[in-house]
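Visitor: Sequence:
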Amino acid sequence: MSPVLAGVLQLLALIVALGLSYRPLGDHMARVYSSDKHLRVEKWIYKGIGANPSVEMRWPAYLRGVLAFSAVGVLFLYLLQRVQGALPGSLGFVSIDPDQAFNTAASFVANTNWQSYYGEQAMGHVVQTGGLAVQNFVSAAVGIAVAVALVRGFARSRTGELGNFWADLVRGVVRILLPISVVGALVLVACGAIQNFAGIHEVGQFLGGSQQWNGGAVASQEVIKELGTNGGGYFNANSAHPFENPDPLSNLFEIYLILLIPFALTRTFGRMVGSLRQGYAILGTMAAIWLVFTGLMLWTEFAGRGPAFELAGGAMEGKETRFGIGASAIFSVATTLTSTGAVNSFHSSYTGFGGGITMLGMQLGEIAPGGVGSGLYGMLIMAIIAVFIAGLMVGRTPEYLGKKIGTRQIKFAACYILVTPALVLGFTAVAMALDTPSHSMTNSGAHGFSEILYAYTSGANNNGSAFAGLNADTQWFNTTLGIAMLLGRFLPMVFVLALAGSLAEQTPVPETAGTLRTEKPLFTGLLVGTILIVAGLTYFPALALGPLAEGLAA
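1 is the number of the first residue of the sequence shown in my numbering; add one for each residue after it.
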């Protein structure tokens, strides 16, 4: 079988698996967030944290819950790393330095999982399981909760109440993430991923030295790493490591986990607003962008010219031979179009255009299908922008799902889409202007610039993948990337929840003959165009200096 055909068949199998899961999971999540009943274990949790799950919250109270919970998470994870050397199960590793501890705490709480350390050489069992794995669950649940709050803003009227953050958080973990993770971990163990609390083993002799391997609860962390669109790996090689991702079957399963919830949430959205066709329109937009990006990545990685490309059957540099080009290309697009950041190959080794595709996927705003929760609310923000543009074109007051998009709503949406580019381009410009950050670049020229641009694109968009040529374990990058990750995660949530509150207060507008039909393919096309234009106008000059210049020079 040719490598190209193998890649296409894997893509088709992935589409079928996602299609079979779409309806049951989407409907289940809609029931979870619409129910007024609480499981016994959930009641125990509410009692333990002192929360009343039946009290409805307006958007400022909901936001305070999100920020307070996340702030406690950052502090706890930071302190856990700082005292690691005194903890049992630390595998002999010392405590983490302050700047790296801050970066890691910010990264995992912000659902970014950027790693400026070697996992198998820095983190013991307690930090990995009691700190990092826990944040993989709760940071994903926070993202879903904020998305559900925005959906309630569209679905409700004449009230500013958006639900209860604590109830949404607990239900997301207990009823959605944990059950799927248990089953998924068993699948990964069956494929060959390790799951233990073993220590460090010396294996064999290699050129006069020995290889040391860590044990760990890898399968259970791997599954939530992908399912929750987190991305932080137990090992430095991430999902290219055979302990995390043993074979082509586990690789396809991990891609499936990455895309599962973000796509299914579009059906949850349709259920909760009372129109499945609206959900299908959002799904169609996400799927169109994802398929086009995947097709482009397969083409650019298979179509390289030169003897090395021809002998290898494509651009094999930086890719695992057990996966090949097709599976690596599909994985790279899935992980950068969501906020996952896991890698089974090294994006710095992709062709110039291939590296640009991974970068542009993040710069779209992580919305196709995006992160768990964040992909849906980001896409809904872009839908509001598209409706506003359509209203300007035809001279009508813009409406979406029966809600008027007025000055207040469009200001919130505009602030949302400006936050991340400001962080990415601002930090990149400062880093390139100073001497110290540029010393971390392994390469010069266009590729070196791409390393810096990719790092801040990944951090501010809460992706977490790296271009693999940048030494990010410095005080400058640990600090600035930590700040970018926190601001890139929580500032947009402020505008999302404020928007949700303003929508929930409105009285629904009756549909008329002049109402824009946002469930039609025409609107899907408008939405895709809006996304590409906004991202293109924002990032094209920076991309022209980096991956485009490198690709054209190849």
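It is worth saying that the hints were derived from the structure and are not from the lab.
Check before you lean on any hint, since a few could be wrong.
Unchecked claim - Calculated lysine-lysine pairs in the DSS-like style (CA-CA distance at most 30 Å, straight line):
id : residue 1 : residue 2
1  : Lys47     : Lys37
2  : Lys520    : Lys404
3  : Lys411    : Lys520
Visitor: Now, for every hint given, state plainly whether the structure supports it.
Guide: Right, here's what the structure says about each hint:
{"no.": "1", "hint": "Lys47 to Lys37", "in the structure": "holds (15 Å)"}
{"no.": "2", "hint": "Lys520 to Lys404", "in the structure": "holds (19 Å)"}
{"no.": "3", "hint": "Lys411 to Lys520", "in the structure": "holds (26 Å)"}
Violated hints for the displayed structure: none, as all numbered hints are satisfied.
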